[in-house]
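A.B. asks: As given, the protein sequences belong to chains A and B, one line each in that order.
For the first sequence, position 3 matches number 64 in this note's numbering, and the numbering has no gaps at all.
For the second sequence, position 224 matches number 220 in this note's numbering, and the numbering has no gaps at all.
In case anyone wonders, no lab produced these hints; they're calculated from the structure.
Misleading hints may appear alongside valid ones.
Between beta-carbon pairs, the in silico distance windows are [stated by the list, open to error]:
(1) A:129 / B:95: 38 to 46 Å
(2) B:242 / A:136: 32 to 40 Å
(3) B:248 / A:137: 25 to 33 Å
(4) B:209 / A:129: 16 to 24 Å
(5) B:492 / A:112: 27 to 35 Å
(6) A:129 / B:402: 56 to 64 Å
Residues of chain B clear of chain A, computed beta-carbon distances all greater than 10 Å [stated by the list, open to error]:
(7) 109
(8) 212
(9) 313
Glycine residues also receive a C-beta, built at the ideal position from the N, C-alpha and C atoms.
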Amino acid sequence: MTSPTRVRVVLAHVRQRDRTRVDLAEQTGVGDALIRGLVRAQLALALRLALVVAVGLGGLPLLFAVAPAVGHVTIAGVNLPWVLLGVAPYPFLIVVGWVYVRLAERNEHDFTSVVQRPER
Amino acid sequence: MSPYTVPAIVAVTLATVAIGVYGLRFARTTSDFLVASRMVSPTWNAAAIGGEYLSAASFLGVAGLILKHGVDVLWYPVGFAAGYLALMLFVAAPLRRSGAFTLPDFCEARLRSRRLRKLATAFVVFIGWLYLVPQLQGAGLTLATVTGAPYYLGALLVGSVVTANVALGGMRSITFVQAFQYWLKLTALAVPVIFLVLHWQAAGRPEVASPAGVTFTAPTTVVVEHAATLTRADGSTVEVRPNDKLHFAAGDPVPRVSNVDYDDGLDWLLPGDASGDRGLFATYSLMLATFLGTMGLPHVLVRFYTNPDGAAARRTTLVVLCLVGMFYLFPTLYGVLGRIYTPQLLMTGRTDAVVLLLPSAALGGGTTGQMLGALVAAGAFAAFLSSSSGLLTSVAGVLSTDVLGRGSVRDFRVSSVLGGAVPVILALNVAGLDVSRVVGLAFAVAASSFCPLLVLGIWWRGLTDIGAAAGILAGGGAAAGAVLLTVFGVPMTGWTATLVQQPAAWTVPLAFAVMVAVSKATRRRVPTSVGATMLRLHAPDALRY
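Just chain A, same shape as in the assembly (with noise of 0.2 Å):
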């Protein structure tokens, strides 16, 4: 059976979920601050997995530079460098971004419940 006071918990919902929206769009004090926390948060994590990849990809022509070796080295008859250059970047790439596509929706999701919060 729905009663008044549901309506009511209702309403003052909305009210408080206002108030934090308005502070996000007239960039009070508080608004700024959490855009400024979701926008680091994002540029962490993308600067992060950035780093993955200068340092997985980035690495090899050093690795090659530094340890020839490597080149003459076979994986089913074909030389080593063919094989992570040839083939291994592209699941690499694609499982970084995964990644991140997973992380920065969870960034937002956390931010938008904040938001959202019924109360404070």
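Following the hints, complete the assembly by docking chain B onto the known chain A.
C.D. replies: For chain B alone, kept in the frame of chain A given last:
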């Protein structure tokens, strides 16, 4: 040549034009992209982005470079794919939320400056033209290889067809056409490669890189085009003149031709080259250019507008990464097998034709070889039709709204003709450069101009219009200058040559540094709207700012 080739090419062209004209009824204005966005799934959208992106450079050029230079140039396809990861990490979602349709739009939305908009327009046009040149080169090469027509005729003909098509409004960036082109290109490389690998297996896996150097697998006749000096395996030299016919028997070593540069034996098989540090610098420079250049390509950016929101833009990019990565597995195999079956290309220097010639060279003149040859030629046509139409549409779009007029249909038509004519003229003058190398240069300019603008514009509140303009002029200007020196073939040696031919490693940091320093010096000019803009760029889509 195969009797199926010309019909296949004509069919692809007609299908593209017909779908374009038919689709025109649905897609006339920018807002149609929005309408389309509600109907198009991320997978279709991603296939469309892949279709527009995989150009002649990817379809023909990568295999040609691998045939010549081996493992070192595998960085080209890796970079072309990795560029989408950088785009996803730093640009995709916020850019979609910004609502900007082109790079000049983004400049105006973020920094409120008309003058910066004009500067961005100039760079969009420059990069677009630079990227169009190798497409037309590829077209000229394909027609020359397939029909024996002179190179300039092919470039001219295809340039005119694409220009007319774009000017008359066909082949707008219609999702369906571009998605179709992606799958056609993938099929056109993947199906023949299965036959080629099976054939190679059946022939007892002939060695790809024997220490003795490249040898002819079948009796071959090479017709000399330019006077040159041949160096035979035993060290003796022969002068040859145009129209000389050289006959080689199966098993003969391929002589070196004085004006064709390629790697042999272990140089080809293993990473690194004789130039040592310079080679390493060039590799890192290429990585920087391709990783960071993709986000600044005008035709790539427009497509992101068809995503319904920021999160969808991210997911679409992930699918693009999968599709593009899958595609790039194949050109490598063509380049490698080309060492065995089309070694004469190392004499003529037309290595970009390896994808076109390999099926008939390896499988012989039977029906299978001819059909597969026709399929590959059709795929090549799909490659430069889709890319050059997308590029020309972008270039004509900014020319008509920001330079020549106010974006009326008539302005757009005039702009397409002008936008198409310049790259045709350029293409006629750079026939000697590898297709993928020219594309690499376009990436270097994009990475040194629009990459810093987008990354700083999206993530740093302190960017000002003057800072952005200074950064673009310093980094992009330096890269553009280096590119012009390379394209017009100014002779250089040693470190100068390396720094000019692979400029990204110094122009990209330069652009970032200048942009940050000048923005800090002009701090008063930070737009007052920056807080609201940041909110719109980064707030999750569910909140709808």
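A.B. asks: None of the hints should be skipped; say for each whether it holds.
C.D. replies: Here is what the structure says about each hint:
no.	hint	verdict
1	A:129 / B:95: 38 to 46 Å	violated, 51 Å
2	B:242 / A:136: 32 to 40 Å	holds, 39 Å
3	B:248 / A:137: 25 to 33 Å	holds, 31 Å
4	B:209 / A:129: 16 to 24 Å	holds, 21 Å
5	B:492 / A:112: 27 to 35 Å	holds, 32 Å
6	A:129 / B:402: 56 to 64 Å	holds, 60 Å
7	109	holds, 21 Å
8	212	holds, 23 Å
9	313	violated, 7 Å
Hints 1 and 9, counting from the list given before, are not met by this structure.
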